[in-house]
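*Asks:* These protein sequence lines map, in sequence, to chains A and B. Counting in the numbering used here, the first sequence runs from 1 upward without gaps. Counting in the numbering used here, the second sequence runs from 1 upward without gaps.
Since no wrong hints were added, every one of them can be taken at face value.
Think about it this way: if two alpha-carbon atoms lie no more than 27 Å apart in a straight line, the pair counts; the simulated DSS-like pairs of lysine-lysine are: (1) LYS114/B <-> LYS151/A; (2) LYS23/A <-> LYS114/B; (3) LYS73/A <-> LYS115/B; (4) LYS23/A <-> LYS151/B; (5) LYS151/A <-> LYS24/A; (6) LYS115/B <-> LYS115/A; (7) LYS26/A <-> LYS115/B; (8) LYS24/B <-> LYS151/A; (9) LYS24/A <-> LYS23/B.
Keep in mind the hints are simulated off the structure, nothing from the lab. Quick caveat, the model's predicted, so the values are computed rather than measured.
Now for the letters of each chain:
Protein chains: 2
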Amino acid sequence: ARPRVGYFYVDKGFTNITGDYLKKLKVGEVKSLPIVITEGQSIYEAIVTLFLEDVGTIYVVKNGFLAGVVSRKDLLKTTMGKGNLETTPVDVVMTRLPHIVFVEEETPVYEAIKKIINYQVDSLPVVKKVIVDGKEYLEVVGRFTKTNIAKLLLELAEGK
Amino acid sequence: ARPRVGYFYVDKGFTNITGDYLKKLKVGEVKSLPIVITEGQSIYEAIVTLFLEDVGTIYVVKNGFLAGVVSRKDLLKTTMGKGNLETTPVDVVMTRLPHIVFVEEETPVYEAIKKIINYQVDSLPVVKKVIVDGKEYLEVVGRFTKTNIAKLLLELAEGK
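For reference, chain A alone in the conformation it holds in the complex (with noise of 0.2 Å):
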């Protein structure tokens, strides 16, 4: 029975590890730039720009604060319909605050994943609150993605 116990200390101590170092490494630390267009920007705008910057999701703002977020999965439903890509402007078909999910980059990366996965999601705008008169409104400083982890479980992987 040895080996046997000798795996499981080892598969033991190794997972608590795993969740320990993610449970301390914030999402500051991993994420990349974020992807943005402007409020009244047109569809066809938003499609052009997710392939120049070749992201799956692009992030909509409106007086430089975070207002939408647009995936490839919402602008392919929308290419589908019979309306003018052109003249028709991207918050016809973005998902609006406050039903986005997002991060902050104090938000531990353990947190994140777990959001990304919970909510069936690719990407999650990395924000930082700003209270302005009063109100708060969400500043978008980066984005979250599945590649994100990916990239990170090969860097632990290579002992990075």
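Chain A is fixed; fit chain B onto it per the hints.
*Replies:* Leaving out everything else, chain B in the frame of chain A:
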């Protein structure tokens, strides 16, 4: 200097164990079911399948074997064009063999993650090589995705 030395020791033990684990773990142990359509089906049918199954990539088979791969991105590009989605076969827009990156059930998860990152894809078909009349064909037996990777990292962190 002691806590620092201790820190590095833990960190080094940790990263090695993660690497060892992912090199032993096989794609077949974590893969998802493949979503497949048949060569000759229309682009419209591919898009409907993609939404119904809520996946990012669909595999196209011919005579039961892998012939192509079509992603959300490929389909979005297509819908921007002038073609008739209901009469154009998916073959026109799919990525074909030998340009498809794939893995087998026996491939270590570590190698699969590296392929996903290096080839910048969201998903890899998991295939079984089959010889028919001396020629090699690929039977599609699963898919390995960035979602599998995110779930795996969360499982490691939670000690499951």
